[in-house]
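The hints should help you fit chain B onto chain A, whose structure is shown.
Same order as they appear, the protein sequences are chains A and B. For the first sequence, the residue numbers in this note's numbering are 16 to 228. For the second sequence, the residue numbers in this note's numbering are 332 to 497.
Please note: incorrect hints may appear among the correct ones.
One-sided excerpt, in silico: chain B residues whose CB lies under 7 Å from chain A [said to hold, decoys possible]: (1) Ser367; (2) Ser370; (3) Leu374; (4) Gly376; (5) Gly379; (6) Ala380; (7) Ile381; (8) Thr382; (9) Phe383; (10) Ser404; (11) Thr437; (12) Glu488; (13) Leu493; (14) Leu494; (15) Val495.
Between beta-carbon pairs, the in silico distance windows are [to be verified]: (16) B:Ala366 <-> A:His69: 20 to 26 Å; (17) B:Ser367 <-> A:Glu121: 36 to 42 Å; (18) B:Ala479 <-> A:Glu121: 49 to 55 Å; (19) B:Ala366 <-> A:His119: 32 to 38 Å.
If you are wondering where the hints come from, they were derived from the structure by calculation, not from laboratory data. Backbone N, C-alpha and C define an ideal beta-carbon position, used for all residues, glycine too.
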Amino acid sequence: MNSRLLGGALVLGSVAFAVAGPSAASAATHAKPAFSLNISPARIPAGGPGAVRHITLTNEGSKPVSIHGSVQNVVGTSGHCALGQASDWAKLSLTSFVLPPGKHREVTLTLKRVIPSGDSGLVAVFSSAPPKTAHTTGAVVVGAVGSQMQTHSPGPTAKQACSRLTLPKASAPSASGGLPLLPLGLAAVAVVLLGLVVTLVVRSRPRGSHRGA
Amino acid sequence: MRKSIILAGSALAVAAVVGTAGPALASGSPVNVSASVNSNTTLTGITGAITFPAGNAGDTKTVLHAEQYTASSNSAAGYALTISPSSDHMAGPGGAALDNSNLQTTTSVNGGAGTMWNWNAENGGFEFDRSAPSTDTFSEDWSLMIPANQAAGAYTETWTYLLVAN
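So here's chain A without its partners, still in its complex pose (with noise of 0.2 Å):
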């Protein structure tokens, strides 16, 4: 019975690896955390074809960091904007590097000679490498910074240009919860019209009338 029981339960435990010591950020101390990535400029400056940009990354941490480094076009659609695609017109001198303890590294972003026309945007991602276990876990978190770089090109927009960052929210929770407003004014009204139909009906019958006389 305990081995069936054994059996079917799920082992969720024991995951191995982190970008930084599992419980550094949780203890309320004065050491440095153990996972900190710091990005500058926070915006790329905007350019053209050709634009050499730099980039640099700063480790804040007290553990090493393996970072992966990408650039990734950013696309509207429908109302909002997201990482899209691997850029196949900006590219980036470094894409994978460790970067000890308080150490910086500076990284070069380069437009292609063509890329698109009018305006359009990139991200530069620069993630934390995930776990290389086999046997990881739970849910494996990745920390990860990125600038924003807008960029120029003569002739018309492609595709519709984003200036912020932003993901779907199908039912995001909200400050008025989403209550439905034309219902409850509806509601509101046929309350008010009842009251007056029965403050009505009261003053028109006769005073002094007794039931059951």
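Okay, now just chain B, sitting in the frame of chain A:
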């Protein structure tokens, strides 16, 4: 007469001294002071893993303060923090899948009331926005409801916390 000449001479001398030293003080010549503040975006405190305790089908397992981290950017337009799963499910043994809709996160920002977030397909990723320079501390509780008849084994999925300045 002589006294008058001496007094006049002294007055002229004083005036000359004041005249040479005075303009800088009296006319208030503008001095341009310039400064430059570097723009930065920093994500701090991501742990790298969230481990749910082992449980049976039907159980709900919760990890309090599963992630506690700080997002900071001095970009004039603020920042966007997005949390995205790599898939719509946690992958298990022999192709078994544990749907993300069984996962729930309660996120508290700067010690405020927690906001619940279901990781269903409709919601997609979690997003938090600031429209001005800001440093915010996040604390997340993660819950997993293990469905009935869920295949035994270890399940895993990768979640990316991406911080980008607006």
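Here's how the hints hold up against the structure:
With 7 Å as the threshold, the beta carbon of Ser367 of chain B stays out of range of chain A, its nearest partner Cβ sitting at about 11 Å, so the hint is violated. The criterion of a C-beta within 7 Å of any C-beta in chain A is met by Ser370 of chain B, whose closest approach is roughly 4 Å, and the hint holds. About 5 Å separates the beta-carbon of Leu374 of chain B from the nearest beta-carbon of chain A, less than 7 Å, and the hint is met. At about 4 Å, the closest approach between the beta carbon of Gly376 of chain B and any beta carbon in chain A falls short of 7 Å, and the interface hint on this residue holds.
Restraint check, Gly379 of chain B versus chain A: the minimum CB separation of about 3 Å is within 7 Å; hint holds. Taking 7 Å as the C-beta cut-off, the interface hint given for Ala380 of chain B holds, the closest approach to chain A being about 4 Å. Because the beta carbon of Ile381 of chain B sits about 4 Å from the nearest beta carbon in chain A, less than 7 Å, this interface hint is met. Below 7 Å, beta-carbon pairs count as interface contacts, and Thr382 of chain B has one with chain A at about 4 Å; its hint therefore holds.
A least Cβ separation of about 4 Å between Phe383 of chain B and chain A falls short of the 7 Å threshold, and the interface hint therefore holds. A cut of 7 Å between beta carbons decides the hint on Ser404 of chain B: the least distance to chain A is about 5 Å, and the hint holds. At a threshold of 7 Å, the smallest CB-CB gap from Thr437 of chain B to chain A is about 11 Å, leaving the interface hint violated. Restraint check, Glu488 of chain B versus chain A: the minimum CB separation of about 6 Å is within 7 Å; hint holds.
Because the beta carbon of Leu493 of chain B sits about 4 Å from the nearest beta carbon in chain A, less than 7 Å, this interface hint is met. For the restraint placing Leu494 of chain B at the interface with chain A, the shortest Cβ-Cβ distance is roughly 5 Å, inside the 7 Å limit, so the hint holds. For Val495 of chain B, the shortest C-beta to C-beta distance to chain A is roughly 4 Å, which falls under 7 Å, so the interface hint holds. Range check, Ala366 of chain B to His69 of chain A: about 21 Å between beta-carbon atoms, so the 20 to 26 Å window is met.
Range check, Ser367 of chain B to Glu121 of chain A: Cβ separation about 18 Å, and the 36 to 42 Å hint is violated. Range check, Ala479 of chain B to Glu121 of chain A: about 53 Å between beta-carbon atoms, so the 49 to 55 Å window is met. A C-beta distance of roughly 22 Å is found between Ala366 of chain B and His119 of chain A, which places it outside the suggested range of 32 to 38 Å.
Violated hints for the displayed structure, listed by number in ascending order: 1, 11, 17, 19.
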